[in-house]
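Undergrad: Those protein sequences? They're chains U and E, same order as listed. Take 17 as the starting number for the first sequence in this note's numbering and just add one per residue. Take 10 as the starting number for the second sequence in this note's numbering and just add one per residue.
Honestly, the hints are just simulated from the structure, not real lab data. Worth double-checking, as some hints may not be accurate.
[Unchecked claim] Computed footprint of chain U on chain E, listed as stretches where at least three residues anywhere in the stretch have a Cβ under 8 Å from a Cβ of chain U:
| hint | region |
| --- | --- |
| 1 | 259–265 |
| 2 | 343–357 |
| 3 | 377–391 |
It should be emphasised that the depicted structure is a prediction, and the values quoted were computed from it without experimental measurement. Glycine included, each C-beta is placed from N, C-alpha and C at the ideal position.
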Amino acid sequence: MREAIKFIRWQTGSGEIRLGVCVCDDRAVPVDAVLPQVTSWEGVLAHCRGQGISVAEWADQILNDTPERVAVSRERLIAPVDVSELWAAGVTYELSRDAREAETISALNFYRKVYDADRPEIFFKCPGTRVVGPGAFVGLRRDATWHVPEPELTVILDDAGQVFGYTGGNDMTARDVEADNPLYLPQAKFFHHSAAIGPTLVLADTVDPYNLTITLDIWRRGGLHIRQTTSTRYLRRSIADLVSYMGRAWPLAPWTGLMTGTGIVPPDEFALEDGDEIDITIPEIGTLHNRARLITSDWAPVPGAIPRVLRIDPRDNVAVALGEIQKEQRITVGSVNMVSRDAIPFGHKIALEDIQAGDWIVKYGEHIGVASRPIAEGQHVHSHNVESQRGRGDLLVHQKGEQE
Amino acid sequence: MTDRALTFQGYHRADGRVGTRNHVLILPLAPAVSSTASGVQSQVLGTVSVELHQDIKPTIEGFDLAARTLAGWVDHPNVYATVILALTANDPLVDALTSALPRHVRYAVVAFDRAMGRIRAQERARTLAEEYVAEAQHATRQSTSLAHLILATECGGSDACSGLSANPSLGYASDLVVKAGGSSILAETTELIGAERILAERAATEQIAEAVWSTVAHAEKSAMRMGVDFRGGQPAPGNIAGGITTIEEKSLGCVHKGGTSPVVEVIDYAVRPRQRGLVVMDTPGHDVMQFVGMAASGSQVAVFTTGRGTPTGAAIIPVIKVSTRTALKQQLPDLIDFDAGAIIDGYLTVEQVGRALLRKIVSVANGEPVVAERYGHREFGIFQGWGSES
């Protein structure tokens, strides 16, 4: 096999996007130095087709003939191609099959079956506009606790649905969401910045996709926390097979991306944390670097959010306000709707049912005092209508001590 | 959580216990030799030292307690070997400490008088430490059940959310450790005032229930004798403004960090538990003294829930700090290891965060450094007892 031909794309200081053929890691021949105005893959393809040569042959030519080289710093790199749609395959490595099966409480052998079946697991990862490139942050859902990066060889198809090249990919996954119920797969896979690709695109006929080493490094607070390696030798399905299944469904959009599944699963006790640095390295392609960040949904405040109240234990007859509650406000406790009869400050308690004078107030599933007067559902429960039983109960402790 | 996660990778010791760290400890027995201990630590990579700020003489109340605490540090599964620094070889503390140690425990005593001076003592300590560190490299981690884990729990700087997010999450994780056959220590006797009934009802036997009652009553009495009435201002005006109505409610918020498991034993400060399960240890409210005591009892990982943030750590055990609200974690990222605030914001349940916290505990047990270790927090102080009853 010849030496791999790699392309990168970068954004200049003035915001222009340029495409180039890599000479080495941080140097490239800009395509627009050879083909004025051409900064897109479409332009390159049109040119090569007009010349009747392959993109690889053309790239070889310009590497030899063009003296112009530009240095490209790592921070300027963007995804090497704008994919239209990103798809992904699952359970394509034995290790992935075993991990999925172990994490899922009631898998009914879904993962084992799909590993062995003719029909692969293929799912829509996200629209191309949602894919991020090298250096971007990758997201962590606030409603999940067990995120992992899935380092995957990612196939790029051209406008004819042919395999055009390969890049690195991070198929971010919320393991706890997927493990909870396989029907949650889209939520486990698709969230803000959940797909990253890059840093380079290596042309299809210049590399053997079944002999690539993939290394995952995760850095936490500056220290190497996880290092794992696999090889695409262990990919159970052929890329042609996966692509043909996609093509059965509908005409493939030009520049579709396909992540081919992960052969690396970090240990079960590992979960990505805000600030972790992720490096996915395929030597022929380079290192895809991203930093994990908690998604704070600051792009859109949740409209008209109802202040939450928390019932800590099912036995509790009071709940705690986790926001300021106005009087006569509609609130929801679990599946129960009710209306507040008082204003309830943050951290204070609200009655979940009518409580008679002398009844126990129950929080944490335990007695925290006794109602000193009747309390209606929705009323504020506090020192004005609750008495401690320990105020006098202190004596109990002493009596207990004296009996001994 | 899968079954595979109910194991951790630890250092198996001769007595059957399993360490989560493999430290060489430099332990001073007097304030005057503390700077020498720090000096050795900075000279020899792979050692940890503490600073002792108390004079520990046979004439003080709590001498035996102090000797037991120090022995618990020297004979600890996280400690490969210890270099003990003493002013004089015939310091009674040297004998009180070392006579209690089993044969397999690796240690050496360097006394300033025997070594003929401070410089020679530090040189001798450094040489010994280097030898121990070289030996310690040969120890390797092996997979072991969570049954070998003793978790130390602690809360400090409580806020309105402590009882809602961080403490119940820790309680859930603690229950998972106990279910897996391991142990969890609930300390801070003064924070149990008002919740002893709940703990006593969960006691495995009548005797243990009695021990819960009498331990809390004893701490309470001694506190009052010292002119401090813990309940006089409890709940504090700030607690009441924050929505805490009664002392029971406040104590319950704290006690839930021990989960819902039965109490299998009540132990004195710095005593090694004999039972596996949820254990109550009699400690003062002082954070550092709690960690030192729980470490002395053989716990290998600690979890510290906080609503205000604290840099506190312990030299020989990793202390995982858990924030009650996400804003705190964002405000103090280098003080907090784990955030339970998503419960308050409504994104996650106590069970989800509790399971995630167990993953963090296992990861830290396997060697992931906590922020307190990364920034070298090794606060130290020994409880000297509640005082004798008069």
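Undergrad: Hint by hint, note whether the structure agrees.
TA: Consistency of the hints with the structure:
A count of 3 residues in the region 259–265 of chain E with a Cβ less than 8 Å from any Cβ of chain U is obtained; the coverage claim is therefore met, three being the minimum. Residues of the region 343–357 of chain E lying with their CB closer than 8 Å to a CB of chain U number 7, which satisfies the three-residue condition for coverage. Counting residues of the region 377–391 of chain E whose CB lies closer than 8 Å to any CB of chain U gives 4, so the stated coverage by that chain holds, three being the minimum.
The structure shown violates none of the earlier numbered hints.
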